[in-house]
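Residue-level listing of the chains:
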Amino acid sequence: MNLKDCYMKFGGDFDEVVGRLRREQTIQKFVYKFLDDKSFFLFEASMGNKDYAEALRAVHTLKGICQNLSFTRLFESSSLVTKALKENDWNTAVEMMPKLSKDYHEIINVIKNFKNSKEE
Amino acid sequence: MTQKQILIVEDNELNRAMLSEILSDSYKVLEAENGKDALDILEQNRDDIHLILLDIMMPVMDGYTFLDTIKTDAELALIPVIVTTQGDSEADEVNALAHGATDFVPKPYRPQVILHRVANFIKLRETAAMINQLRYDRLTGLYTKEFFYQKVRECLEANPEKEYTILCSNFEDFKWYNDTFGREAGDKILREGAEIFKERVGEDAICCRYSADRFLCLLDKERETIGREYFVKSRESKRSSLTENISVKLGIYEIMDSSIPVEQMCDRALWVVDRVKGMYNQSIAVYDDSFREKLLREKAITDAMVTALEEGEFIVYLQPKYSLNNNRIVGAEALVRWIHPEWGFMFPGEFIPLFEKNGFISSLDQFVWENVCAKLQEWKEKGYLLLPMSVNVSRNDIFQGSLVDIFSGLIKKYDIDPQYLHLEITESAYAECGNRIVNTIEELRKLGFTIEMDDFGSGYSSLNLLSQMSLDILKLDMKLVKNEMTKSMEKSILNDIISMAHRMNLTIVAEGIETREQMERLQSLGCDYAQGYFFAKPMPITEFEELLKGQRKEDIL
Chain Y
19 MNLKDCYMKF GGDFDEVVGR LRREQTIQKF VYKFLDDKSF FLFEASMGNK
69 DYAEALRAVH TLKGICQNLS FTRLFESSSL VTKALKENDW NTAVEMMPKL
119 SKDYHEIINV IKNFKNSKEE
Chain X
630 MTQKQILIVE DNELNRAMLS EILSDSYKVL EAENGKDALD ILEQNRDDIH
680 LILLDIMMPV MDGYTFLDTI KTDAELALIP VIVTTQGDSE ADEVNALAHG
730 ATDFVPKPYR PQVILHRVAN FIKLRETAAM INQLRYDRLT GLYTKEFFYQ
780 KVRECLEANP EKEYTILCSN FEDFKWYNDT FGREAGDKIL REGAEIFKER
830 VGEDAICCRY SADRFLCLLD KERETIGREY FVKSRESKRS SLTENISVKL
880 GIYEIMDSSI PVEQMCDRAL WVVDRVKGMY NQSIAVYDDS FREKLLREKA
930 ITDAMVTALE EGEFIVYLQP KYSLNNNRIV GAEALVRWIH PEWGFMFPGE
980 FIPLFEKNGF ISSLDQFVWE NVCAKLQEWK EKGYLLLPMS VNVSRNDIFQ
1030 GSLVDIFSGL IKKYDIDPQY LHLEITESAY AECGNRIVNT IEELRKLGFT
1080 IEMDDFGSGY SSLNLLSQMS LDILKLDMKL VKNEMTKSME KSILNDIISM
1130 AHRMNLTIVA EGIETREQME RLQSLGCDYA QGYFFAKPMP ITEFEELLKG
1180 QRKEDIL
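In order, the protein sequences belong to chains Y and X.
In the numbering used here, each number is its position in the first sequence, counted from 1, plus 18.
In the numbering used here, each number is its position in the second sequence, counted from 1, plus 629.
Hints are computed from structural coordinates only; laboratory data are not their basis.
Here a beta-carbon is modelled for each residue, glycine too, at the ideal position from N, C-alpha and C.
Just so you know, not all the hints are guaranteed correct.
Below are the DSSO-like pairs computed for lysine-lysine, each with C-alpha atoms no more than 30 Å apart in a straight line [said to hold, decoys possible]:
id, chain 1, residue 1, chain 2, residue 2
1, X, 633, Y, 51
2, X, 1178, X, 1004
3, X, 1004, Y, 27
4, Y, 22, X, 736
Footprint (simulated), chain Y over chain X, 3 or more residues, beta carbon under 8 Å [claimed, not checked]:
id, region
5, 735-741
6, 811-825
Produce the entire structure from the sequences given, and follow the hints as far as they go.
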């Protein structure tokens, strides 16, 4: 499996990201870095604490990262949550959380598998 | 060439790393996690940050607050700030621009776009900074001289029907202030001064910092006439340290003919302000025709001075000094007169102050010294009775530093005894020259010259000076003598001065004696010698020689 396969698997736009960042090695470096990014967990914890301002900041950041790395599917789900929180629509945001979580973990798993296969 | 520095302000590490990756080949990158950290970094690198890339949603201090904060700092506000947005909210972009952002870059990051945009803004800022440097004085924020000239020209051309005035303000004793309190305190005064100046002349006035402590301003003539006194008035607010230490002088040039070059108009305002420098009671001077004539006359004098010296137009006169004991001549003071082929006989009051200002006094003094020494040699060779001749030594002579060499050279060249050369140094020179004069005088006395303190009591009197300086003769200023005549003997100040001077083994000479009454009073006070029109006016050397012939050798002490 190569990086392009990963993108296909988790619903990303590999051609777009390559068009922008040019070098596959650079993309890979930042895709790996995404494994350490805390935005999603911060979002989850803040929602649990009903700290919607902090939750908005976290999901907004997550959305930005997805934009930069062309994680299309996760970008879409994080965009919807961001929009809901911006509009103070907490219920919708809560309803969308499972989908966001599913998309996030799917990406993380694909990346982890890819990273492991590379290291073997 | 040193790499330019960019500050990335972004709370998310991954986003920061991506921006850093894009920029680090071309720039040195500094990173901050929030607005507050960014402000700290800016404080430490305020002159070295060329551009800021800023995220908006951040913990601790968000991007909007950061933008609002740097706007309040004139220097930081000049740094271009590009805000990173998510590209899906026009409101965010508009908001960022409204808070002072220079531009924005939307996510996803497009490295080539970011690099070009960053490079363009840095270049633009540098060009703007260069233009600013040419237009604005860095310290005070007022216009620079050249830009001021341009703005004044434009204003006069655009409003030919209006009447304007050029003001020049000057801080009294600013050099002294700078020297005493340091450059930083001096700069503070200049900044404060500029602020007050600008505030007082009003928003419509065009102002610049012309040089160190001189500001120029073009303002409406009517406003200037109404506010003239107010412009130099001491500041009442305690906020300013200006009032305590510095007074402001004002030179005014009312523009009558706008075809005169602006530079010349400004020169006139600058000239008149010099007229009131150092004057306690006057703060304002206005340029008018009489001033112009005076200026032209001064210019003619300074233009003619060198030729006059070469052509022998300066003549040494001698004014005899008399003993109050026996009314006999005991010496003379050498004074200079100028007989110009066109202007005729000129009194020293007209040219000496000018020469003291432009330094020519030193050449003239040396001419007098040389003449007096040559005359002493001539009298010695002819077997005449020799009397000491006093010559003036000015402040400039002392600052030139080679006084001891010059006088030892002269006595050697003319083979005369130094006891016949008395050196008159003004009280003000004593007060101004400090240690330099103490050492010089010590050396001259060791060589055998007699030292006289001239104009004692003319304004700088300090009894402390008398104890510090090594002296032989004290010459009382004529004003002191005139004042004395208005007092009864019981209230006499001269009595005390003369007694004290005698206790210090000083000989006393009174200058400017014009009446018998003055002479008798000084006689009764025990003054040793006197000089003045009552005895004899300054005269050509030949007349002095005739006068001396009338006195028998054995009558003179």
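Hint check results:
Restraint check for residue 633 of chain X and residue 51 of chain Y: the C-alpha separation of about 27 Å stays at or below 30 Å, so the hint holds. Using a Cα cut-off of 30 Å, the hinted pair residue 1178 of chain X and residue 1004 of chain X holds, with the two alpha carbons roughly 16 Å apart. Between residue 1004 of chain X and residue 27 of chain Y the alpha-carbon distance is near 116 Å, which puts this suggested pair outside the 30 Å criterion. Between residue 22 of chain Y and residue 736 of chain X the CA atoms are separated by roughly 21 Å; this keeps the pair inside 30 Å, and the hint holds.
Counting residues of the region 735-741 of chain X whose CB lies closer than 8 Å to any CB of chain Y gives 5, so the stated coverage by that chain holds, three being the minimum. Residue count for the region 811-825 of chain X with a Cβ under 8 Å from a Cβ of chain Y: 0. That is fewer than the three needed, and the coverage hint is violated.
Hint compliance for this structure: hints 3 and 6 are not met, and every other hint is.
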